[in-house]
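Q: If you read the protein sequences in the order shown, they are chains A and B. Residue numbering for the first sequence follows the working numbering, starting at 1 and increasing by one per position. Residue numbering for the second sequence follows the working numbering, starting at 1 and increasing by one per position.
Keep in mind the hints are simulated off the structure, nothing from the lab. All C-beta atoms in this analysis are idealised placements derived from N, C-alpha and C, irrespective of residue type, glycine included. You may find that some hints are simply not true.
[Said to hold, decoys possible] One side of the interface only, derived from the structure: several residues of chain B facing chain A at Cβ under 10 angstroms: (1) L4; (2) V6; (3) Q256; (4) I258; (5) S386.
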Amino acid sequence: MGEITVKALREASFEIYKGEFIVVLGPSGSGKSTLLNILGGMDTPTEGRVFFEDREITNLSEKELTLYRRNEVGFIFQFYNLMGNLTARENVELAVEICEDTMDIDEVLESVGLLERADHFPSQMSGGEQQRVAIARAAAKNPKVLLCDEPTGALDYETGKSILKVLKEINQKYKRTVAVITHNASIAEIADRVIKMRSGKITEYYKNDNPLDPERIEW
Amino acid sequence: MKKLNVRLLRNIKNSKGQFISILAVIITGLFIFVAMNNASTNLRTSLEEYYEITNFADAYVDVMKIPDNEVEEIIGREGIVNAEARVVMDVPFITDNKDEKVNVRTISVGGTSNEINKLYMEEGKRDLGPKDCIVIGQFARARGIQVGDEISIQLSGRKYELNVVGIAISPEYTYLVENEQSFMPRPEKFGIVYIEKEYLKNISNFSNSSNDVILTVEEGSDFEDLKDYIEDTWDNYGVRRVIEKENQLSNNMMYQEINGLEQISGSVPVIFLVVAGIILATMMSKNVKNDRTTIGIFKALGYTNKSIMIHYIKYALAIGIIGGIVGTLLGTLLSGFMTNMYTEFFALPLLKIQIYPMNIVIAALLSSLFCSVAGLWGAKDILKISPAQSMRRETPKSGHRILIEKVKFIWNKVTFTWKIVIRNIFREKKKFIFISLGAAFTVAMMMTTLWMWILFDDMFNVYYGEFMSMDYDISFSKTVSEDSIKDLDKLIESDRIEPNIEIPFELRNGREKKVVNIIGIKKDTEMYKFKDSNDNPVYLQDDGMLISSNLSKALDVNIGEKILIHNFLPNKDDRYIEVKGIVSQAFGINGYMDLDFMEKTLVDYNAINGAYVKSDANIIPDLEDIKNISSVMSTEEMVSIFYDYIDLMIIETVFLLIFSGTLGFVIIYSMSVMSINERKMEFSSLRVLGFGRNEIFGIISKENALMSIIGIIYGIPLGMTFIESIGNVFTTDLYTLDQPIGITQIILSIIFTIICLTAAQLATYRKISRLDFIEALKSRTT
């Protein structure tokens, strides 16, 4: 059997604005994770260009990409991906240690409501708590943009909503750009801007003039 | 502390079993390296200093009788710096116990000093008057002789009483043995007594002449030229042997020990470090594979490849550094113990226990470097991990049918768990090679160890029971006529008595040459049973000679070829003699000829210088006052001395067995633990399907057992190869290691290997029983 080339993403041109809350919506296999990975400097496209502020990131070297990930972006994953043998605080410190101009760790932990549980290991926490640690870890680096890949995908309804609330707070309080990837259409209602995707293409790209509070959405 | 370091420490804590097991291998390797290296450095430096202080001779000339003025003459020629003529005679030492036969070598020395091989005084004074003597330290201690005591020797049938004025040691007898045939020192039976030159010459009929010359030569002098010069110049005085410093018996033994230590310290630790390195690299590579997502997160957080690599390599480096420190400390401690042990064998006044920082630094650097390289090798895949890829689930390994599956009627009969086991073995070829090699090495090392354990025991029993079957070996102080045997026979109670003559000759074949004793014995001798390497009997012929296998190797000569016998006896020509047979001989290096043929061609008609006796009685008291007997060796006594020394060998063997066992244990344990960690998901699925913990443990055990059995099977020929190479490397003029390993030793090696491997397997049970299989399926923390 020969290898088959799959184009995960094609003809995707769009802009994300500073301080906005973006939702990338699409079913599984639509190319949204690939899009996020390219935005985050974790992957490079075979063709096309991506700019972060005025800087093209698609032609950065391996080393420059590392610095870009370190200083400009924060990642949040569906399965939290915490270090199992570090406590909540240590997980946050792990990210902060390599960055300059970071946020106060206690402040971030408090903002995600976990200051009290800071010395617990991930195995001693619920899924929602683990995801909050992941958010704190990403936010504490003080990045310009937070990229969240299905942050509520592994959580129940209530917990999922609470996580969205935390993300929204960070977006509003610290003026951070937040991009959330999801297949859950209801989440698009809290976004300032929505990108809809299908089969590797952007099918819709619009501004939401009346974003809802996460408390008010349902699915 | 940096959080990466915190993670590292916790990782070490979580994998402490594996960490400790690899550490154990590193520590063992360095422990042997440092202990042996320090001990050999201790020995070498002490010996060299000692030789320097005492002006150790560069050459020894054994001559029948030479006027002293002839010796003076050669000083300044052929690079000879100094020459000292001596009288050296082996004589009986008279003890209160008439059943005991003790010999001493009397050596003449200057009254107040001597220039070459100076005595190193331990007690008393160096000044010797007539009837005074200085006794060698080893002998004095073994027999409780003290300064002020009186000792008695018998010389030319007369008893002489001597006052002990001092106790000293000499560089010539650091390792105190009588001759090449004496395998081990027996200080209570053989000693050296230094007597004032003129006095000894008077009582031994050597006025103005000597029978031994020691020389010092200019640095860089060619020994062969010197030897030729001496043999030519002193041709009329019967030069028996010219021995260079390197071949001087004690010095040779010392350097054999030092070189042996250096060889072991240079080879065994390498095996341990290589094994540790392979385990470490494999473990690192598996860890990196298991930590794929974690590494992706590190990269997503902005950590550089370099810092992630360093984080992983630190694990290996930690093993290297801790192993380096602990191994060198333990090794240094053991080297002190070993150096102390050597003082029991070697009389070295300056033998000091010193710590050599250089050895420690080398060991620590070696271990750190080795582990870092292994770590780097194992962690190199970190570079390949793309952060985006690592977040996705890994694609399942491509599965394929193995060859045996095609044989349906067999495959269909295999149970489900055995199917899993067999498929895994064939799919994980690297693991299979490593585990089976581990088992193979363990069984091979066990075989080598057990072979060494029985080797000397066997060699002794064969040598003193089958090869030579006399009860007593009597040496005369000069050649006598064969009729003397009849007189001797009248004095002792013997079942059989046979004359012999044993004289050193230089045997030459092309460019190869070797000085060895040729022994002339009766053609119908009952004292020797010669056999070739295939255990077939070999008989003495009317003409020609038999040679020991190590001599055949040294001269590169085979049956049917002729060798030139260079005769040291005055007025005797060199002769070509044909090799009629090659015989197996455990100890020593010799040639054998029919007595009559040897007398006719090489010596004189009717001349003998020894006798072999078979007797159940103790004949030693009967020989006490007999003139011309220089020594009487009892076979029984030789065997009992050997058993005194065997304890030491047992300790060494136990050490080696522990080392071999550790190796096998660590390999199986580490590989099993790695396998468990790697296959958490697979085992979890099996658990969900209803498999119990014991059944899953059974799968791993069966896999390891099958791989180990295959390893053990090819480990046996590997062990035999080890044994053969050790035999080849360590066969010297003193002993020939060509004994094959017995079936009992092979079976014992297999049993011991199985025990070690089973212990390792059981040690992993805890890992399996504590593994939360269900959690493993759910968890995405890394």
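Q: So, for every hint listed, does it hold in this structure?
A: Now for the hints, and whether the structure bears them out:
1. With a least beta-carbon distance of about 7 angstroms to chain A, the hint placing L4(B) at the interface is held under the 10 angstroms criterion.
2. Hint status for V6(B): holds, given a least beta-carbon distance of 6 angstroms to chain A, under 10 angstroms.
3. Hint on Q256(B) is violated. Least Cβ distance to chain A is approximately 54 angstroms, over the 10 angstroms limit.
4. Annotation: I258(B) was flagged as interfacial toward chain A, and the flag is violated, the nearest CB pair being 50 angstroms apart, outside 10 angstroms.
5. Taking 10 angstroms as the C-beta contact cut-off toward chain A, the hint placing S386(B) at the interface holds, the least distance being around 7 angstroms.
Hint compliance for this structure: hints 3 and 4 are not met, and every other hint is.
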